[in-house]
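Sequential numbering from 4 applies to the sequence shown in our numbering.
Please note: incorrect hints may appear among the correct ones.
[What the hints assert, rightly or not] DEER-style ranges, computed between Cβ atoms:
1. N61 - R98: 18 to 28 Å
2. G100 - D72: 24 to 34 Å
3. V23 - K84: 52 to 62 Å
4. I21 - K70: 42 to 52 Å
5. D103 - V31: 40 to 50 Å
6. S111 - V28: 47 to 57 Å
7. V17 - T116: 49 to 59 Å
8. V29 - R97: 41 to 51 Å
9. E45 - T105: 24 to 34 Å
10. C71 - M96: 18 to 28 Å
11. R118 - V15: 48 to 58 Å
12. R115 - A25: 43 to 53 Å
13. M95 - V22: 48 to 58 Å
Derived by calculation from the structure, the hints in this document are not laboratory data.
Just so it is clear, CB atoms sit at the ideal spot from N, CA and C, and this is done for glycine as well.
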Amino acid sequence: MSKQDRPWLQPVLVAASIVVLAIAVVVVFRSTAGNSRSVVGEAVLGCTACDYFYRSDNRRGPLNCPKCDARAAWPAMLCRKCNRVVGIDRMMMRREGISDATCPHCGSTDLRTIRSSESLEGF
4 MSKQDRPWLQ PVLVAASIVV LAIAVVVVFR STAGNSRSVV GEAVLGCTAC
54 DYFYRSDNRR GPLNCPKCDA RAAWPAMLCR KCNRVVGIDR MMMRREGISD
104 ATCPHCGSTD LRTIRSSESL EGF
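Could you build all of it, start to finish, from the sequences and the hints given here?
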């Protein structure tokens, strides 16, 4: 059998190669995006100006709050005593020489970071 017997074979092989390559690119892109997201994760941020809480890939503050636009969004923490989510202004703590973050609602220093897997519902 020669090329003249199957003139359709070359275009079919080229098309099949393109499809396989496209699938490979999609699989690699999705798996890479998934891995980087799980490594970086989403942080919960809280605005100390308006008490708005949201998720972001950026874990540092201060950031501009998406609700009130104040530069007052910080990584949020959960108070273990009153079970409220609070934004903690780390720069103010450094300026005033405060070593332990304090819940503004109950005064407790028993705060913990919020895991990216936790829901904000109920806080």
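Here's how the hints hold up against the structure:
The supplied range of 18 to 28 Å is met by N61 and R98, whose beta-carbon atoms lie about 22 Å from each other. Taken as a hint, the range 24 to 34 Å holds for the pair G100 and D72, whose Cβ atoms sit roughly 29 Å apart. The supplied range of 52 to 62 Å is met by V23 and K84, whose beta-carbon atoms lie about 58 Å from each other. Range check, I21 to K70: about 46 Å between beta-carbon atoms, so the 42 to 52 Å window is met.
Distance hint check for D103 and V31: the Cβ-Cβ separation is about 45 Å, which falls inside the suggested range of 40 to 50 Å. Restraint check, S111 to V28: a C-beta distance of roughly 51 Å satisfies the suggested window 47 to 57 Å. Range check, V17 to T116: about 53 Å between beta-carbon atoms, so the 49 to 59 Å window is met. Range check, V29 to R97: about 46 Å between beta-carbon atoms, so the 41 to 51 Å window is met.
For the pair E45 and T105, the beta carbons lie near 25 Å from each other, so the given range of 24 to 34 Å is met. Hint check: C71 to M96, Cβ distance near 21 Å, so the stated range 18 to 28 Å holds. At about 51 Å, the CB distance of R118 to V15 agrees with the hint of 48 to 58 Å. At roughly 45 Å, the beta-carbon separation of R115 and A25 lies within the given 43 to 53 Å, and the hint holds.
The hinted range of 48 to 58 Å is satisfied by M95 and V22, whose Cβ atoms lie roughly 57 Å apart.
Hint compliance for this structure: every hint is met.
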